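Turn these sequences into a full structure, and let the hints guide you.
Take the sequence shown: its letters are residues 1 to 66, numbered as in full-length UniProt numbering.
Treat the hints as calculated values from the structure; they're not laboratory data. All figures in this text were calculated on a predicted structure; none of them were measured in a lab. Just so you know, not all the hints are guaranteed correct.
Said to hold, decoys possible - What follows is a list of derived Cβ distance ranges for each label pair:
no.: 1; residue 1: 38; residue 2: 15; range: 28 to 38 Å
no.: 2; residue 1: 9; residue 2: 49; range: 19 to 29 Å
no.: 3; residue 1: 62; residue 2: 9; range: 17 to 27 Å
no.: 4; residue 1: 50; residue 2: 18; range: 11 to 21 Å
no.: 5; residue 1: 62; residue 2: 8; range: 13 to 23 Å
no.: 6; residue 1: 45; residue 2: 2; range: 19 to 29 Å
no.: 7; residue 1: 63; residue 2: 2; range: 30 to 40 Å
no.: 8; residue 1: 40; residue 2: 13; range: 27 to 37 Å
Note that the Cβ used here is the ideal one computed from N, Cα and C, for glycine as well.
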Amino acid sequence: MKPERLRDPQALPPAFAERGAALAERYDTALASFQTGEGAASSADIAALLADAEAFIRAMQAAGAE
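Next up, the structure:
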């Protein structure tokens, strides 16, 4: 799922909009820290973000929203 879709509350079903926005914010934070080199996200943080994104996609698929 593209971060742009997660940022658009109209692109997701209402039950998933808040969770999607939180994932996009975490992604943006991790990307910004990598790009600036200031306090780059740890491997554990990246792994957790990816796991949460996968769980989000599975939940949307299970709900028939994807």
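Status of each hint after checking the structure:
no.: 1; hint: 38 <-> 15: 28 to 38 Å; result: 35 Å, holds
no.: 2; hint: 9 <-> 49: 19 to 29 Å; result: 20 Å, holds
no.: 3; hint: 62 <-> 9: 17 to 27 Å; result: 21 Å, holds
no.: 4; hint: 50 <-> 18: 11 to 21 Å; result: 20 Å, holds
no.: 5; hint: 62 <-> 8: 13 to 23 Å; result: 21 Å, holds
no.: 6; hint: 45 <-> 2: 19 to 29 Å; result: 20 Å, holds
no.: 7; hint: 63 <-> 2: 30 to 40 Å; result: 19 Å, violated
no.: 8; hint: 40 <-> 13: 27 to 37 Å; result: 33 Å, holds
In summary, the one numbered hint that this structure violates is 7.
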